Amino acid sequence: MAAADTPSATTLRRRDLCSRGIRLARKMRSDVADLLDIYVERQGLDASVSVAAVEGVPAAAAEHWSEQTGTQRLLDNLAAYRAFRALLAQMLEEQREQLGDADAALGRALAAVLLQVSAFAYHLEELLELESRRPPGDDGDGPPAPPRLSLFEQKLRGLGVLRELAQWAVRSVRDLRQLARPGPGPSSAPGVAEGQ
Amino acid sequence: DSHIQYERVGADVTMKCGSMDWDAAVTWTANGTDIDDSHLNGSYLILKNVDLTQSGQYSCYEGSSWHLKYQTYLRVGTPPKEPVLMCRSNNYPKGFYCSWHLPSPTYIPNSFNISVIHGTREMVCEKDIFPKNRCHIRYLQLFSTVKYKVTLTVTNALGKNSTSLTFDEFAIVKPDPPESVVAKPVPNNPRRLEVAWQNPSSWPDPESFPLKFFLRYRPLILDQWQHVELSDGTSHTITDAYAGKEYIIQVAAKDNDIGTWSDWSVAVHATPWTEEPKHLTTEAQITETTSTSTSSFVPPPTTKICDKGAVVGSGAVAVCWTAGLVLAAYGVLFI
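Residue numbers (full-length UniProt numbering), protein chains in the order written: chain A, 1 to 196; chain B, 1 to 335.
Take these hints with a grain of salt, some might be off.
Stated by the list, open to error - Residues on chain A that point at chain B, a partial pick, calculated with CB under 8 Å:
| id | residue |
| --- | --- |
| 1 | Arg23 |
| 2 | Arg42 |
| 3 | Trp65 |
| 4 | Glu67 |
| 5 | Glu164 |
| 6 | Arg171 |
Said to hold, decoys possible - Calculated lysine-lysine pairs in the DSS-like style (CA-CA distance at most 30 Å, straight line):
| id | chain 1 | residue 1 | chain 2 | residue 2 |
| --- | --- | --- | --- | --- |
| 7 | B | Lys174 | B | Lys147 |
| 8 | A | Lys27 | B | Lys160 |
| 9 | A | Lys27 | B | Lys212 |
| 10 | B | Lys147 | A | Lys27 |
| 11 | B | Lys160 | B | Lys81 |
| 12 | B | Lys160 | B | Lys147 |
| 13 | A | Lys27 | B | Lys81 |
Worth flagging that the hints you see were computed from the coordinates, not collected in a lab.
Keep in mind it's a predicted model, so treat the numbers as computed, not measured.
Yeah, the Cβ is synthetic: ideal placement off N, Cα and C, and Gly gets one too.
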């Protein structure tokens with residue numbers, strides 16, 4: 001009886017990875033919030049400005065979120081963070097072109113978040129491998145290059161990227177918590193929850 | 001011919017007696033009481049600068065026959081002021097509710113219409129049966145960066161007014177306070193209190209969306225609160241309570257990642273465990289010496305806690321050292 005109650009090594013490893021992933025996501029969220037403040041100030045934007053959905057930026061919004069399988073959650077998260085990795089690299093490049101070394105603080109903050117996004121993507125790959133799923137190939141190219149934008153459009157796009165990343169950080173905490181819950185396994189569909 | 005007539009406070013009101021000519025002889029009554037002719041202009045009733053007390057039933061009778069020719073119910077009121085609207089999610093991630101009220105009464109019936117827009121999508125806010133001034137919405141999406149815009153319009157016969165709120169999904173998340181808070185002393189521990197509580201029953205999925213808690217406590221005799229934030233669990237042991245002092249304790253809750261703190265829970269009171277006072281020795285003289293000690297405590301005549309050799313003093317004032325010390329200690333406590 002005791003053996004039946006003992007979590008398997010895979011389960012324990014999953015919980016450990018999820019727990020660490022949650023901590024990573026929380027730290028990332030906190031740093032993205034700080035980065036947003038710096039970005040808005042340095043780019044001369046109004047913090048309350050609305051930004052329309054930006055092409056190529058993975059939206060965190062999910063319908064039927066509670067019905068997703070664990071594997072689907074991991075795949076969605078991985079795709080999102082790989083996209084953010086490319087988007088942030090692009091923003092860093094644009095920021096260097098526009099401001100050079102004149103704004104080191106913004107550059108450093110962008111670079112720090114980029115590093116965390118990369119680390120989180122790697123963490124998600126580990127989780128997927130644990131589920132015996134090979135992570136989808138990462139061609140590293142990211143989303144297709146957007147049409148050449150004006151400086152102002154670039155700034156707004158950057159704002160949209162960071163806001164969506166902040167939202168993803170919260171979603172990732174929820175996703176990983178769902179994944180860590182005891183249950184039939186990440187590939188199985190969860191029970192349909194009431195409402196969401 | 002009877003109907004309802006709505007007029008603003010302060011307005012001048014003219015009532016015609018149905019189809020009667022201006023020069024017809026009529027009698028007007030207000031709630032069955034005759035109205036003085038000074039308020040009449042021919043057969044018209046003139047009410048100047050109406051106030052709330054003038055609401056009521058007005059009837060007009062033909063002069064000689066007393067046939068009822070016209071009747072109206074006058075309702076004096078005001079157009080609505082800008083309503084007060086609030087929206088909150090106490091059951092995340094299921095949905096949220098919005099509730100509203102008017103800052104001052106209009107004294108006439110009002111109707112409320114609420115619209116909720118999320119991006120380009122219009123959502124239905126289902127009205128609650130009780131309370132009437134509330135409706136709720138189910139989330140169709142989670143983790144959206146698109147804001148919600150809620151517009152409330154209040155309309156009555158004298159005018160309309162509206163207000164809007166725009167907010168993020170996360171910003172309005174505020175759980176209800178924790179429930180069933182209990183606090184009890186810990187046996188043989190004069191500085192501890194065990195506090196336990198439950199998640200608010202309105203929070204639908206605390207496993208997937210865990211709450212963290214904030215506990216505050218103070219002895220009744222002090223104004224300053226002590227605070228403890230707890231990231232998991234629904235219990236806590238206070239270990240620095242003042243011995244023997246009654247405490248007041250409250251708990252608040254918040255989603256671990258988003259939103260704001262709940263209101264404080266209902267307060268509970270508890271006093272840490274204290275040792276039962278031991279009964280003192282009963283020399284007959286001790287019971288006669290209470291007037292000379294600082295304590296009003298009178299020991300029962302059964303328990304001995306000192307030897308005769310330790311008695312100090314003589315006669316009616318004799319006490320033993322130990323009893324004297326105990327008496328002095330209790331005397332300080334009971335002041």
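>> Run the distance test for lysine 27 of chain A versus lysine 160 of chain B: straight-line Cα separation, threshold 30 Å.
In response: 48 Å, violated
| Holds or violated: is there a CB of chain B closer than 8 Å to the CB of arginine 23 of chain A? | 12 Å, violated
query = Are lysine 147 of chain B and lysine 27 of chain A close enough, with their CA atoms no more than 30 Å apart?
reply = 24 Å, holds
Proposed interface contact between tryptophan 65 of chain A and chain B, which counts if any beta carbon pair is under 8 Å: 5 Å, holds
Checklist entry - Hey, lysine 27 of chain A versus lysine 81 of chain B, does the alpha-carbon distance stay inside 30 Å? => result 46 Å, violated
Worksheet item: Can we keep the glutamate 67 of chain A interface hint, with Cβ of chain B closer than 8 Å?
Response: With Cβ-Cβ at 11 Å, over 8 Å, it is violated.
query: Regarding the hint that arginine 171 of chain A lies at the interface with chain B, is the smallest CB-CB distance below 8 Å?
result: 4 Å, holds
* Taking 30 Å as the top limit, are the C-alpha atoms of lysine 160 of chain B and lysine 147 of chain B close enough? -> Status holds; Cα separation ~26 Å.
Minimum beta-carbon distance criterion (8 Å), arginine 42 of chain A to chain B | 21 Å, violated
Hinted pair, alpha-carbon criterion (30 Å max): lysine 174 of chain B, lysine 147 of chain B. Please report holds or violated. 17 Å, holds
Quiz item: Are the Cα positions of lysine 27 of chain A and lysine 212 of chain B separated by 30 Å at most?
Solution: 17 Å, holds
Supplied contact hint for glutamate 164 of chain A, tested at 8 Å Cβ to chain B
6 Å, holds
Hint compliance for this structure: hints 1, 2, 4, 8, 13 are not met, and every other hint is.
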